[in-house]
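Using the sequences and the hints, build the whole thing.
If you read the sequences in order, they're chains D and R.
Note that my numbering gives residue 211 to position 211 of the first sequence, counting from 1, and the numbers run on in steps of one.
Note that my numbering gives residue 2 to position 2 of the second sequence, counting from 1, and the numbers run on in steps of one.
Treat the hints with caution; some may be incorrect.
If we take Cβ atoms under 8 Å as the criterion, some of the chain D residues that face chain R in the derived model are [as the list claims (entries may be wrong)]:
1) Leu46
2) Gly70
3) Ile113
4) Glu118
5) Met158
6) Gln192
7) Phe198
8) Leu205
9) Glu251
10) Gly253
11) Pro258
12) Arg261
13) His262
Computed footprint of chain D on chain R; a stretch qualifies when at least three of its residues, placed anywhere within it, have a C-beta under 8 Å from a C-beta of chain D [claimed, not checked]:
14) 65–77
15) 120–127
16) 154–166
Far from chain R, by Cβ distances over 12 Å, these chain D residues were calculated [what the hints assert, rightly or not]:
17) Leu8
18) Gly61
19) Gly195
If you are wondering where the hints come from, they were derived from the structure by calculation, not from laboratory data.
Cβ coordinates follow ideal geometry from the N, Cα and C atoms, glycine included.
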Amino acid sequence: MGQSYLDLRRTLAERDRSLHEKVVSLEEAAGLVHDGETVGIGGSTLSRTPMAMIWALIRAGKKRLSCSRGIVSSEGDLLFASGVSDHIVTSWFSQGIVWGISKVMRHHVERRIARFDEWSHMAMGLRFRAGAMGLPFLPVRSMLGSDVRRERPEPREMVCPFTGDKLLLVPALNPDVAIIHVQRCDAYGNAQIDGLQFMDIDLALAANRVILTTERIVSNDQIRRAPDQTKIPFFAVEAVVEVPFGCAPHECGGVYEPLFRHMDYYTSLVNADPVDGMREYLERYVYGPKSWIDYLGLLGLDDLLDAARRGRSIANE
Amino acid sequence: MSSGGYTASELLAVMSARLLADGQVVFAGVGIPLLAATLAQAVNCPGLTILFEGGVIGPIIEPGKLPPSTNEQRCTKRANMVLGSTDVLLLLQRGYVDFGFMGGAQIDQFGNLNSSYIGDPANPKARLPGTGGGNDISSLTQMIVAMKHEKRRFVETVDFVTSPGFLRGGATRRDAGLAAGGMYRVVTDLGIFGFDDVTKRMKVVALHPGVTLEKVRENTAFELVAGADITVTAPPAQRELDVLRRLDPERLYIA
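Spelled out as structure tokens, the structure:
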């Protein structure tokens, strides 16, 4: 089970929650994640995936991370195949419905190299929300009667003391660290998210520490001009990293869409051979490049600019 | 392409779109459901509201720009509202949604859906991607499922209940604590199916043009309830097919 309520509070109380600058490099941020920790991943499926942070965790050789996310896409392949994670908690795990079933997920789960714990999507969300609310669980009306529920040892059923309704209690998820990518934030970690928020606000408040990566760092004055757009408060954030195209080849809403050509190439490579294909991909795109910028160079300027043109077009009428 | 000049997927999309009515609120999955809901909106339900689990209320999907899942910015095009994914799913629990609308990999006689495992879950032949929002949608509202009609997909008992239908039939769904919702219709390339009021077993509602009951039985691994009141659907109209092909010119989902 999770950490005790007082331990969770103590962790926050010990942190410097003042309005202070916390900009670090990608490599320094990776150093804030320790082997064996639980890591909540922001975004969903191909959207606002903190790909640069995951890329840095792989390069730093992290081990035994237990990762949770609403829906897991190709970043789950990378986490499993690199050996960074041996445990993923999510509602859905494959690259995306248009690419079929991830052979990398299948390879690791069917051979018991790694675990994939399945929860309903809403149960994942309410687990983060309970964590964000400082509560040990929340009740839910889904999962009841299904094998998704039967396969999970954690939830409990209860009869509502007010109505007699049967409910399922899902336990809070308070990850040791959350990694979240946003369109913009200031140097203090005030994060503004455009478009789909997914579970990121609950995830940020549930986690003991938050590492933010951002397309760009803006001034605190700019944040203060539109404070209603700030979705994650600075005092929840431990570190800020500016990483342009930080989700590529996934998308960052309003900035770029997925790099579909790269995703097609990636899925055909790794689904044809989940072991050697992944090894080739990791070598070429994760271990090989000198830097994130070098990695973006490998993705190709044509594809990046095309993705950016499509990304910005969401606002076109 | 069948003799009628349309693919099985196009037939699925058209037939399931016809089940929707103007003014309804529909929670749609990616693929055929998204296409069918958008088709319904364009053809005869301009007031249909689509919800996506990424956290979207009432978008208007752009032809030729179908999203790769229901979690990308394409899903938000011209939406009335975007909100957190937990909150959009909670709208199902509160009761704002008329129909959930999903695809299916494997279904059984009580409408239970499996998208988690092929074979014994303890030692599976294949691990599938899992529920996503499927379990929540099918637990909390009336369901329409669109899927290909094959014997290996229409099984007596699913290997794993990912998204609950009527569980073991009768009152077992209600007894499990699922107070509302349930399977309403299963749309396949052979016909349209519902569920018996009492036993909750799958029954034949209508057959598509040229399809016989024998053909349906050959492609179903359990005994279907078949009364005297089975109707025949009208074939897809050219207008429906035109709209569909305009929505998906790359034939991502209708091939």
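For this session: Run the structure past the numbered hints and jot down the numbers of the failing ones, going up.
Result: Violated hints (numbers, rising): 3, 5, 6, 8, 12, 13 and 19; every other hint is consistent with the structure.
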